[in-house]
Structure formats: C-alpha cells, structure tokens
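Residue numbers (numbering that gives the first Met the number 0), protein chains in the order written: chain B, 0 to 323; chain D, 0 to 326.
Think of the hints as simulated: they come from the structure by calculation, not from any bench.
From the three backbone atoms N, C-alpha and C, an ideal C-beta is built for every residue, glycine too.
Misleading hints may appear alongside valid ones.
Stated by the list, open to error - So the derived label-pair ranges between C-beta atoms look like this:
no.: 1; chain 1: B; residue 1: Q185; chain 2: D; residue 2: R177; range: 51 to 59 angstroms
no.: 2; chain 1: B; residue 1: S184; chain 2: D; residue 2: N82; range: 43 to 51 angstroms
no.: 3; chain 1: B; residue 1: L204; chain 2: D; residue 2: R195; range: 49 to 57 angstroms
no.: 4; chain 1: B; residue 1: L177; chain 2: D; residue 2: A83; range: 22 to 30 angstroms
Claimed, not checked - Distance condition first, Cα-Cα at most 25 angstroms in a straight line; then the derived PhoX-like pairs of lysine-lysine:
no.: 5; chain 1: B; residue 1: K16; chain 2: B; residue 2: K187
no.: 6; chain 1: B; residue 1: K211; chain 2: B; residue 2: K187
no.: 7; chain 1: D; residue 1: K312; chain 2: D; residue 2: K110
no.: 8; chain 1: D; residue 1: K312; chain 2: B; residue 2: K117
no.: 9; chain 1: D; residue 1: K312; chain 2: B; residue 2: K200
no.: 10; chain 1: D; residue 1: K314; chain 2: B; residue 2: K117
no.: 11; chain 1: B; residue 1: K117; chain 2: B; residue 2: K16
no.: 12; chain 1: B; residue 1: K200; chain 2: B; residue 2: K187
no.: 13; chain 1: D; residue 1: K2; chain 2: D; residue 2: K312
no.: 14; chain 1: B; residue 1: K200; chain 2: B; residue 2: K117
no.: 15; chain 1: B; residue 1: K117; chain 2: B; residue 2: K187
no.: 16; chain 1: B; residue 1: K211; chain 2: B; residue 2: K200
no.: 17; chain 1: D; residue 1: K110; chain 2: B; residue 2: K16
no.: 18; chain 1: D; residue 1: K314; chain 2: B; residue 2: K200
no.: 19; chain 1: B; residue 1: K310; chain 2: D; residue 2: K110
no.: 20; chain 1: B; residue 1: K310; chain 2: B; residue 2: K16
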Amino acid sequence: MKNKINVYTVSRFVTGKYFIFVLFAVVSAFFAMLAPALCTPDSLRNVLVSAALTAISGCGMTFAITLGGFDLSAGSIMALSTCVIASMIPEAGIPLAILSAFAVSVLAGVINGLIITKLRIQTFVATLATQVIIKGLGLIYTGGLSISVFGYTRMKVFSNAQILGIPLPVILTAAVFLVCQFLYSQCKFGVYLRASGSNRKAAELSAVPVEKVTICAFVMTAVTACMSGVITVSQVLTANASTGGSFALNAITVVVLGGTSLSGGSGFLGGTVIAAVLISIIENGLILLGYSDDIQRLVIGLILIASLTVKTFMTPLAEKEVAE
Amino acid sequence: MKKITNYLREHTILLTLLLMLLLLFVTTGRFRSLDNFLSILQEASFIGIAGIGMTFCIITGGLDLSSGSMIALLAVINMLILNATNSFLAVLAVLLLGAALGAFNGVLVAKVRIPAFIATLAAFYVFRALAYIITGGNPVSYSAPWFIWLGNGKVLGIPFSFLLMLVLAFLAHLLLRRTRIGRTVIAVGNSPEASRISGLNNDRAVIFAFMMAGLGVAVSSVLVSSRLWSANPRMMDGYEFKVITAVVLGGTALEGGRGSIFNTVTAAVFYCGISNAMTLYRIDSYVINIITGMILLLAFSLNPIMQIMEERKNKAEAGNVKAGGGR
Numbered sequence: 000m001k002n003k004i005n006v007y008t009v010s011r012f013v014t015g016k017y018f019i020f021v022l023f024a025v026v027s028a029f030f031a032m033l034a035p036a037l038c039t040p041d042s043l044r045n046v047l048v049s050a051a052l053t054a055i056s057g058c059g060m061t062f063a064i065t066l067g068g069f070d071l072s073a074g075s076i077m078a079l080s081t082c083v084i085a086s087m088i089p090e091a092g093i094p095l096a097i098l099s100a101f102a103v104s105v106l107a108g109v110i111n112g113l114i115i116t117k118l119r120i121q122t123f124v125a126t127l128a129t130q131v132i133i134k135g136l137g138l139i140y141t142g143g144l145s146i147s148v149f150g151y152t153r154m155k156v157f158s159n160a161q162i163l164g165i166p167l168p169v170i171l172t173a174a175v176f177l178v179c180q181f182l183y184s185q186c187k188f189g190v191y192l193r194a195s196g197s198n199r200k201a202a203e204l205s206a207v208p209v210e211k212v213t214i215c216a217f218v219m220t221a222v223t224a225c226m227s228g229v230i231t232v233s234q235v236l237t238a239n240a241s242t243g244g245s246f247a248l249n250a251i252t253v254v255v256l257g258g259t260s261l262s263g264g265s266g267f268l269g270g271t272v273i274a275a276v277l278i279s280i281i282e283n284g285l286i287l288l289g290y291s292d293d294i295q296r297l298v299i300g301l302i303l304i305a306s307l308t309v310k311t312f313m314t315p316l317a318e319k320e321v322a323e
Numbered sequence: 000m001k002k003i004t005n006y007l008r009e010h011t012i013l014l015t016l017l018l019m020l021l022l023l024f025v026t027t028g029r030f031r032s033l034d035n036f037l038s039i040l041q042e043a044s045f046i047g048i049a050g051i052g053m054t055f056c057i058i059t060g061g062l063d064l065s066s067g068s069m070i071a072l073l074a075v076i077n078m079l080i081l082n083a084t085n086s087f088l089a090v091l092a093v094l095l096l097g098a099a100l101g102a103f104n105g106v107l108v109a110k111v112r113i114p115a116f117i118a119t120l121a122a123f124y125v126f127r128a129l130a131y132i133i134t135g136g137n138p139v140s141y142s143a144p145w146f147i148w149l150g151n152g153k154v155l156g157i158p159f160s161f162l163l164m165l166v167l168a169f170l171a172h173l174l175l176r177r178t179r180i181g182r183t184v185i186a187v188g189n190s191p192e193a194s195r196i197s198g199l200n201n202d203r204a205v206i207f208a209f210m211m212a213g214l215g216v217a218v219s220s221v222l223v224s225s226r227l228w229s230a231n232p233r234m235m236d237g238y239e240f241k242v243i244t245a246v247v248l249g250g251t252a253l254e255g256g257r258g259s260i261f262n263t264v265t266a267a268v269f270y271c272g273i274s275n276a277m278t279l280y281r282i283d284s285y286v287i288n289i290i291t292g293m294i295l296l297l298a299f300s301l302n303p304i305m306q307i308m309e310e311r312k313n314k315a316e317a318g319n320v321k322a323g324g325g326r
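One chain only, chain D, in its complex shape (with noise of 0.2 angstroms):
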C-alpha cells in the first residue's frame, strides 16, 4: 500500500497528464485516430530527444538555454554539408559538433564557473547569430530520400524518430543509473561539495551533462531538418523553453539531484497530445497559449502543494518522531 502511494506521489504530475489525455480521448473523436496517434509521437520525438539530454543538465542542477539556437545551427550546418557532400557523414558531424557545442558550454559552467544560466544565455546569443552568419539569414534545404526517411519514416507503421527515441532513452536511462559518469551527475546535482569530498570528479560529470544536452540537440537537429527537408536560422525559437518544460513536467526538480529519463520522454509524449487535442477541438490558437501555461503553472505547483501539506501533517503529528526523507 506504501509502495502505491509513493509511486502515486512520486508520478503525479504523469498521472495528471495522463488523465488529461484520457479525458480528450474519450471525448474527440479525432484524437482517437491512429495517424494522429503517429504523429503526436513523432512531434514528441523530436521534444523527447532533445529532453533526455537535457535532463543529464538539470540533473546536476544546470540548465541549457542555448538548446533552440543550437538546433537552428546545427541543422544549417548539417544541411550545408549535406548539400556539399551527399554523404550520411554529414550527420556524424552534425552530432559530433552538438556533442562539442555542448561540451563548451559545459566547460564555461565547470571550469569557468559561470552559472549555467548565463553561460547558455551567451551561447544562445552567439549560435544563433553564427546560424545567421553562416548562411546569410537564406534556408537551406536538402531532399535526398535516405536523409528525408530520417524524420519521416516509419518502421512497421511507427515513425523511426519515436522508436530512435525509445532505444536513446534506454541507453541514457543506463548511462544515468548504471555508470560511474552518470552516478556522478546525480551526486553532484544532490549535492557538489558532499560529490568533491567523496572524491567524484564534478566538473567531468558537469562537462559530460552538458555535452549530452548539446548530443540530444544535435540529434532532434537531424530529425528536425529531415521532417521539414529545409533548415533555416530562424527555426525553432523558444525550443528551449518546451524542452525544459518536458523535463520538468516529468519530475526532474529544478534544482537538481533527481530525475528520470522515462518520465521526461512521457511527459514529452502527453505534452505534445495535449496541444494536438487542442488543435483539434479548435481551439483558437490564443487561448492554447493560456490552456498551455495554466496546465503548466497546475503541474508545477502539484508537487509543491503536495509539500505543504505533508509539512502541516508532520508539525500536527507533533515533533518526538522525527521526520526523515523529504529533501
């Protein structure tokens, strides 16, 4: 019984979702259809991908800003090359260079010391503008059927973007729990001088958090540019932002030290459904903007509530039993 309720606890804001989309299923009509199902998964995907990477960062307790900016760059570049050189090489080097945008903005926040806020914000500055320079503010696009399959494709009727998903979600769920890199990302986000006294190199797990965030980007890069056949610099403003919010949706705390790869690429999948079933009732686009923020503020404050209730049970228990747990 402890064990349900824990789990209840610990899910809430997932199960709130979830409800949600039980509820649109059971009343739209065209929700229910597969297609669409499909195709929330692959909007998700590219939402999700972009998320597991970015829940290594706010895991330690950081935070990437510069992830729409970087998108926008790295599907340029990728479409550049692409165009230079027809090779799938390309996209090696697309996720190469995520893996060291990030990398970068890891060092900036690990060795330099500057907060992470403000070392992305200066990234994102600078990507994007590097986006524009590169391609003098024109689209680029690129329409060769193997890359076009990328972001479009399916693999026995579900799109390849979900499934690619699925297995990177896998990996980095191991890599966060069952190594010594990832044990490290958590110890740090839970506390950086107990990690440092302990002996854990912190600014290599932090350097290898955000070098993950920038190799999720590169990835949802790819998917990204092949789903619309075109990059330009323009794309994907305020990326960032529906990143975070999926990762934070699915329970990983602001202020680092947990999280779960699974719950943000859940959260990512409802995220996208409840939009979609807005479409779909047509909802004017304005007021999804509201419904959006007030689903989130709902989310957000679940938890916190959640909070200040257990602290008022706890002070009415009175104070010989000590209470544990809770951070």
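Same shape as in the complex, but just chain B (with noise of 0.2 angstroms):
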C-alpha cells in the first residue's frame, strides 16, 4: 500500500462503473489480434447481430435487477411470443401477429408483476413459477409442435433489412437501449425504481409508488423479451414452445456483466448492451479460432467469475467497509 493514491485512483475507474469498458477493451483487442478475420465489416456486422437478443432483453432486465429482483420466465415468454407470432401470420398477416404478441407478453409480464406485489412472493420463486407455466401454455398452444413458417419471406425483414448498411435488429436495439435509458434517467419512473431498489421501505413511506413500478419492470422484462422474439422469428422462420431454455440467464449474465448491482438500486443499461456485444465477439472470435460451443460456455463463465473478482480485490478497502 506504498502508493494509496494511486492505487485508489486507478482501482476506481477499473473497478467502478466503467469496468465492463476495461473488459471489453481488453477483450476485444485480444481476439483483434488472435483472430483478424473478426475485424472484416461482415464478421463486425454478425457480431452486433449476434449481440441483438441477449441486448434487447438484458436491457429490460436490467429494470427487474434494478429493483432488486429477476425474471426467470422471459426465457419462456419468449418463446411463447415466437408461437403466438408463427401461428398468426398466415390468417391475420404480420404486423398483427406481432402485436398480438406484444400483447400477449404484457399480460404475462403484468401477471408475474401482480403476483410478486399482491402476493408478495419473491421474485426468485415467483419467476420460476410463472416460467413453468408460461411455457406449458406455450406448449398447449402449440400441441408441442414446431411451426414454420418459410412460407412468409417479408417477416425476414427484422433481421436482414439494412438501413444504410446497418442491420435492423441492430438499429433495433439501439432504439429499445436509447427509449429504456430514458425511462431510467430522464423519467420519475426511473427514479421511483431506483428508490424502490435500493429501499423499498423508506420508498413506499415517500409514497413511492413500488407496486405500480415493480409491474411496469415486469412488462418492460417481458415487452423486451417478446421483441426478442420477434427477431428470433424473423431470423428462422420457425417456433417452439420449448426453446428458450437459458434465455433468462443469458440476459441475467449480461446485466451482471455490465456492472448492474444485484442488490438493487443502481441499473447500467449502457453495460448491460456493451457486455452483450462482449459476449457475442468472445462466442464469433471462439468460433473463428474453431472452438466448438462447450468452449464458449466455458470461457463466458470463466469471464463471470474473472470479472468479478478483480472487482472484489480491486475495490478498496475503505469502500468496501462502506458497502457492507
């Protein structure tokens, strides 16, 4: 400890905020150099592609994080929405389809909110729950079976329509992580879920009102979640209610990744989006190398931890006696 200050200084910025900015720096330049053939516009425009489900949706959880809570079934409102999409196209054309989705993922998205206020079920178990039985309504929906819908070519435009050579799902995201960081920073409903995060107490005694709030971040989860699943559809043209396994977590690691706290309070969606596009270049650099996908789960759980504890042992000790 020769040099406090320094030390102090530096392990701010790195362990602060801004670390998932580190990360991605050091990341990127080191698949830059191991894998050149990850710099061509092409493979740069795969990445971001890529980077667009776990983005869009990490973005909407980065609402349920901030609160101090999860949602585990945006994996199988998802996939529910992917469903309600495949099956309408053919009868009632596309842009109702899609509605009736959004629709149908508000709904869902109330519910788990309803459920987590008025029961005051935590939103671990609650999630879980409602996740089961998301998806067996998907499944009874879909009698269990897969529908395509190759037929229906325009519905590819959300994932290769190109606006001055920009992907849509891309502009997409975008568009979602600008309209949520205003609802975050520049809204009182950003500030209310920030209060009821970080105290739900002292919230609802400064008439926050923390019911309403913790069901408005559900539908954002959920609404975030069914775009998602717009694009999922758009890109293969089919749907199963039984995807959507590890979407949840998928966007969970993100948000975490990115430096929102789990303890509720402080959200960052710029990381949240910065660690997905971090995600995607370590999945497309492994697979460039030629590693298969076990590899890529591998490292992305080493990452996790790595990430982590640097920020635990960079963190200086006064600071951390503060946080306790």
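Could you use the hints to bring the two separately framed chains together as a complex?
Right, dumping it as structure tokens:
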C-alpha cells in the first residue's frame, strides 16, 4: 500500500461503473489479434446482430435487477411470443401477429408483477413458477409442435433489412437502449425504480408507488423478451414453445457483467449493451478460432468469475466497508 | 392449543401438499399400488439428497444454481473413472470432487464476495461445458451389478436410495442443529453482521454450506447414473430448480436464517408424489407444467398471505401491545 492514492484512483476507475469498458477493450483487442478475420465489416455486423437478442432482453432485465429482483420467466415469454407470431402470420398477417405477441407478453408481465406485489412472493420463486406455467401454456397452444412460416419471407425484414448498411436488429437494439435509458434517467419512473430497488420500505414511506413501478418493470422485461422473440422468428422462420431454456440466464449474465448491482438500486443500461456485444465477440471469436460451443460456455463462465473477482480485489478497503 | 396452531402455521405448505396427496390417494386406484409408492420414494431421493445439501446453502441466504450442471459433470466423471478402474473408489472420488466443487462455489461467495446467484450461475456454465469437453458430447455407460444396485436395489423391499436419503437427512439434521458449524450456518443466515460480531467464522460456514450442497449433488449423481446405467453431458437440465423448489416447499426461506432438513426431504417426496399422480391421471404433460407452476405459486403465497393477515390482525388489536416474534 505504498502508492495508496494512485492505487485508489486506478482501482476506482477499473472497478467502478466503467469496468465493463476496460474488460471490453482488453477482450476485443485480444480477439482482434488472435482472429483478424473478426475485424472485417461483415463479421463485425454478425457480431452486432447476434448481440442484439441478449442486448434487447438485457435492457428489460436491467429494470428487474435494478428493483433487486430477477425475471426467470423471460425465456418462456420469448418462446410463447414466437409461437403466437408464427401461428398468427398465415391468417392475420405480420403486423397483427406481432401486435398480438406484444399484447400477450404485456399480459404476462402484468401477471408476474401482480404475483410479486400482491402475493408478496420473492421474484426468484414467483418467476420460477410463472416460467413453468407460461411454457406449459405455449406447449398447449402449439400442441408441442414446431410452427414453420417459411413461406412468409417478408417476416425476414426484421433480421435481414439494412438501413445505411446497418442491420435492422442493431437499429432495434439501439432504439430499445435509448428508450430504456430515457425511462431510466429522465423519467419519474426511473427515479421511482431506483428508489424502490435501493430501499423498498423507505420508498413506500416516501409515497413512491412501489407496486406500480414493480409491475411496470416486469412488463418491460416481458416486452423486451417479446422483441427478441420477433427477431428470432424472423431469423429462423420457425417457432417452438420449448425453446428459450437459457434465455433468461443469458440476459441476467450480461446485465451483471455490465455492472448492474444484484442488490438493486443502481442499473447500468450502457454496460448491459456493451456486455452483450462482448459476449457476442467472445462467441464469434472462438468460432473463428475453431472452438466448439462448449468452450464458449466455459469462457463465458470464467470471464464472469474473473471480472467479479477483479472487482472485489481491486475495490479499496475503505469503500468495501462502506458497502457492507 | 397454541402449540398446535404454531405447528400448523410452520408446516402449512407441507400440510397442503399432504392434503393433495390424500385426495389423489382416494381418487386414483393405480396411485395406491405399493410399487408406485416405492418408485415415488426412489424418484424423490434423487431430488431430496441434493435438497439436503441445498438446504444448508439456502439457510445461509445463498443459492446454488450450478446443481444441474454439476450433477452431469460428476455423473460423467464417475462413469469414466468406473470404466477405467472398475473400482468402488471411483464413487468416493466423485463424492470428494463434488465437495470440492461445492467448496469452490463457497469460496467465490464467501471470500471473493460474488453474490451466490452470480457465482453459481458462472459455475453453471463452466461445469456443463466441462462435462461436454470431457466426454466430447457422448454418453458413457457402466453396468457392473454392484454399481447398478446403488440406484435400483432394495433393502427389505424399500429402495436403497430412499433409505440412504433418510440416513443422510438424519446426519445432516444433527450437523445443522447440534454442531458448532451447523449453528454458525443458521446464525449467518439470520444476520451475518451479528454472527461476525459474536466472533463466529462466517466465511467458513458459508464455504461449508456450499460444500454440503456439492456433496449432496455428488451423492445424487452416483444414484442417478446408477439408476440410468449411463450418464451424458446433457442430462438433468433444470435439475437445480427442482431441488430449490423442494427446499423452498419445505419452508426454508430464501432470505435465509431458518429451514429444516426433514421438511426438505418430505417436500421432495410430496412433490414427486404429486407429479407422479398427475401422470397416472393421464393429464397431458403440458398441462402438468401449468398445474405444477400453480401449485408452486399457491405454496409460496401461503406464508406471505398469512403474514399479511397477521399484520392486519395486529393492527386491529391496536398498538399498545407490541407484537413480537416474526422476522
């Protein structure tokens, strides 16, 4: 502890809100050197497109985690909305199908929120139960079969279209991020959200509508999950209610990696999006280097551990005590 | 009288499940057969044994999401060692390895101070990936009679795995209630700050609790792979949620500080009993999903609802008598 001030400033920068940027720079430099093929415009476009799904659902999940909760049912909601879209396209057309999927997911989000606020069940167990229920509903709705809409190539717009060379999923991600960021930092909702997340009792006493905020946050996770569903259908033109198994956990992973605290009260949407791109770089980079998806999962797990370890050990002692 | 109401209150979830089981018992003929009961007990032990370890973990206020990945990894390793050595030492090695992996999770949570949810989420990715890497994605099988007996054998007509669960539950109960480390586990869950100030070693208790979770998974992994005669890296996906469900249904609070091993084991049996009965009822497997979810919601909401009712009652009784108890 010789250069205490120096260590302090450096570690504050590295472990603070901007840790994810440092991590991002290091990892992407690493892959840029090892796999130069990753740096071509096409491959970068791929990286961003495959980051879109987790980035969008991560933005919604950031709200739930800022509240100090989780939404484990996001995967089931995503799967259900893909089924709704795919089954309705032939008869109702694409716009109406997508609208209905959004309606269904808003409903799911409201139900999640009501269960959490009215029945006072912890978010973890509540969404664990609704995850099973929603999946069951999806399976009954589809009869457990995959629904294909290969004939409806116009649905491809959501994954293939480009505006000024930028793929639509990337633009959608940016739009979702901007809207969420606006809600988070510029609106009353964001203030209420942070207040409810950091100290629920105090927020209630200060007349913050905690229950409404909770319901809204879970609607946000459901709606963003549905948006990921739209892009998924558009990419593969099939839907199956039993997909989405690790979807919620992936979203939670990017949110945490991005620097949102699990204890609630402070979310970091920018970090979530960057972390989603980071994961995508790792996945695409490892594929280019010829590794299978087992190694990808291994690396993602290790990076999660490593980044939180670095954070813990670099956080100055004084701050640690305050945090405790 | 007060004792009875207290008992009822503490065991609401279990009593509700018992009621459901009785209902099923009366209404379905095939459910009543002895063979069916034995198979329920056997299924339950695969969840219950891991649940015993998980109870320790949840009492500290933690959670282990890596169980499903860990059970696949351990089962695969178990089969590989068995094939290589043909020796029962493989089982011992797997138990040790399970404890070690659990302790690794514990160190991440206690020493590195990563929230349990995230630490074990990372382990969830890592263990599953390792299972794939070790086997190259292929199933491994082993069928020596002594090994197959572990998961399929019966003692006096009762499945060995169920008896093992009872013995382990008893030991774990003693460990939790009667030893220093067990009491520390409960103290940490109640208030980490208070237990630290009282000079207890919090970190050791947390690492111990996660180690128990790993050990429970290791025992289950041996039983499950013996039951199936084989193991593959894809197996037991979503297992951790079943285990956590059994523990929570048993009344162990996710915020930590209280819980009971026997209730976990009982809840595991009831949980398996109810899903078994639904299958016998020829309920569509998709509908079973929904009913299971509803039962979970019902069970989880019982305690909070009673709490709300109690609060109302306390309010009605006016404020001069301070309401004690309750966390």
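Checked hints:
For the hinted restraint 51 to 59 angstroms between B/Q185 and D/R177, the CB-CB distance of approximately 57 angstroms keeps it satisfied. The supplied range of 43 to 51 angstroms is broken by B/S184 and D/N82, whose beta-carbon atoms lie about 58 angstroms from each other. Evaluation of the 49 to 57 angstroms hint for B/L204 and D/R195 yields a failure: the beta carbon distance comes to about 29 angstroms. At roughly 57 angstroms, the beta-carbon separation of B/L177 and D/A83 lies outside the given 22 to 30 angstroms, and the hint is violated.
Proposed proximity of B/K16 and B/K187 is supported: the alpha carbons are some 22 angstroms apart, at most 25 angstroms. A threshold of 25 angstroms between alpha carbons decides the hint, and for B/K211 with B/K187 the separation of about 12 angstroms falls inside it, so the pair holds. A threshold of 25 angstroms between alpha carbons decides the hint, and for D/K312 with D/K110 the separation of about 43 angstroms lies outside it, so the pair is violated. With a CA separation close to 18 angstroms, the supplied pair D/K312 and B/K117 stays within the 25 angstroms bound.
Of the supplied pair hints, the one linking D/K312 and B/K200 holds, its CA atoms being roughly 21 angstroms apart against a limit of 25 angstroms. A hinted pair counts as satisfied when its Cα atoms are at most 25 angstroms apart, and D/K314 with B/K117 qualifies at roughly 19 angstroms. Restraint check for B/K117 and B/K16: not satisfied, since their Cα atoms lie roughly 34 angstroms apart, outside the 25 angstroms limit. Between B/K200 and B/K187, the direct Cα distance comes to roughly 18 angstroms. Compliance with the 25 angstroms bound is thereby established for this hinted pair.
As the CA atoms of D/K2 and D/K312 are separated by approximately 19 angstroms, the hinted pair is consistent with the 25 angstroms bound. A C-alpha spacing of about 16 angstroms is found between B/K200 and B/K117, which places the hinted pair at or below 25 angstroms, so the restraint holds. Taking the CA atoms of B/K117 and B/K187, the gap is near 23 angstroms; set against the 25 angstroms cutoff, the hint holds. For the hint pairing B/K211 with B/K200, the CA-to-CA distance comes to about 15 angstroms; that is within 25 angstroms, so the pair holds.
Our distance criterion of 25 angstroms between C-alpha atoms is met by D/K110 and B/K16, whose separation comes to about 22 angstroms. The straight-line distance between the Cα atoms of D/K314 and B/K200 is roughly 18 angstroms, inside the 25 angstroms bound, and the hint therefore holds. At most 25 angstroms may separate the alpha-carbon atoms for a hinted pair to count; B/K310 and D/K110 meet this at roughly 13 angstroms. Only pairs whose Cα atoms come within 25 angstroms are accepted, and B/K310 paired with B/K16 is accepted, the gap being roughly 10 angstroms.
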